[in-house]
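Number of protein chains: 2
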Amino acid sequence: MIRHTVVFRLKHPPGSAAEAAFLEAARALAAIPGVQAFEALRQVSPKNDYQFGLSMEFADEAAYRGYDRHPDHVAFVRDRWLPEVAAFMEIDYEPM
Amino acid sequence: MIRHTVVFRLKHPPGSAAEAAFLEAARALAAIPGVQAFEALRQVSPKNDYQFGLSMEFADEAAYRGYDRHPDHVAFVRDRWLPEVAAFMEIDYEPM
Numbered sequence: 001m002i003r004h005t006v007v008f009r010l011k012h013p014p015g016s017a018a019e020a021a022f023l024e025a026a027r028a029l030a031a032i033p034g035v036q037a038f039e040a041l042r043q044v045s046p047k048n049d050y051q052f053g054l055s056m057e058f059a060d061e062a063a064y065r066g067y068d069r070h071p072d073h074v075a076f077v078r079d080r081w082l083p084e085v086a087a088f089m090e091i092d093y094e095p096m
Numbered sequence: 001m002i003r004h005t006v007v008f009r010l011k012h013p014p015g016s017a018a019e020a021a022f023l024e025a026a027r028a029l030a031a032i033p034g035v036q037a038f039e040a041l042r043q044v045s046p047k048n049d050y051q052f053g054l055s056m057e058f059a060d061e062a063a064y065r066g067y068d069r070h071p072d073h074v075a076f077v078r079d080r081w082l083p084e085v086a087a088f089m090e091i092d093y094e095p096m
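Line by line, the protein sequences give chains A and B. First residue of the first sequence: 1, per my numbering; consecutive thereafter. First residue of the second sequence: 1, per my numbering; consecutive thereafter.
One chain only, chain A, in its complex shape (with noise of 0.2 Å):
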């Protein structure tokens, strides 16, 4: 299993309609096959200054990388991450 996970800020102002609207778009990511145990979470610590995370599974890399190259993922990322995302990192987990 892999967990993917990425914590980020966005451009927008926080409680904003383009807020709303750019989460319910990174919902959607959820229906891409391979991925498990979605979650669309609110970053609360004060410790860094990123505001939400998502938090995937995968069963291994084949369904990573599927998730990865997959049309609805590219376009994501091309139209909604790039221009509205301020700062962002990845983290992905596997158990020990």
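Everything labelled a hint here was simulated from the structure, so no lab data went into it. Treat the hints with care, as some may be off.
To be verified - Computed beta-carbon distance windows for the label pairs: (1) Pro-13/A - Glu-94/B: 34 to 44 Å; (2) Asp-79/A - Ala-59/B: 16 to 26 Å; (3) Arg-80/B - Asp-79/A: 39 to 49 Å; (4) Asp-79/A - Glu-24/B: 38 to 48 Å; (5) Ala-30/B - Gln-36/A: 33 to 43 Å; (6) His-73/A - Asp-49/B: 19 to 29 Å; (7) Pro-33/B - Arg-42/A: 37 to 47 Å; (8) Ala-75/B - Ala-62/A: 36 to 46 Å; (9) Pro-95/A - Arg-9/B: 11 to 21 Å; (10) Ala-75/A - Glu-24/B: 39 to 49 Å.
We treat Cβ as the ideally placed atom computed from N, Cα and C, and that holds for glycine.
Starting from the known structure of chain A, arrange chain B on it as the hints suggest.
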């Protein structure tokens, strides 16, 4: 529910006995009252320089504070975390 996570890199050489001893000590945090869904994780994304992660969940802020102040947690931070961790970032999530 609050999910407290921390991603980190150790000062120890990868695969060393010191690394294993640190991770064993970290796993003992799971026994502190209020800690749920504890996970010790390997960070595998090449897009950051962290090696490991810890993830745990608390029912609410009070349970999280109780963990933070617990003598076993305070001792772990003082005796193991501060001397042995090279870099880290805390990320806390709540469901949206």
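A quick look at each hint next to the structure:
1. Pro-13/A - Glu-94/B: 34 to 44 Å: 20 Å, violated
2. Asp-79/A - Ala-59/B: 16 to 26 Å: At 38 Å between Cβs, range violated.
3. Arg-80/B - Asp-79/A: 39 to 49 Å: 45 Å, holds
4. Asp-79/A - Glu-24/B: 38 to 48 Å: Cβ of Asp-79/A to Cβ of Glu-24/B: about 46 Å, so the range 38 to 48 Å holds.
5. Ala-30/B - Gln-36/A: 33 to 43 Å: 24 Å, violated
6. His-73/A - Asp-49/B: 19 to 29 Å: Given a distance of about 25 Å, which is inside 19 to 29 Å, the answer is holds.
7. Pro-33/B - Arg-42/A: 37 to 47 Å: Taking Cβ atoms as reference, Pro-33/B and Arg-42/A lie about 25 Å apart, which means the hint is violated.
8. Ala-75/B - Ala-62/A: 36 to 46 Å: Distance hint for Ala-75/B, Ala-62/A holds at roughly 43 Å.
9. Pro-95/A - Arg-9/B: 11 to 21 Å: 19 Å, holds
10. Ala-75/A - Glu-24/B: 39 to 49 Å: Holds, at about 45 Å.
Taken one by one, the earlier hints fail for this structure at numbers 1, 2, 5, 7, listed in ascending order.
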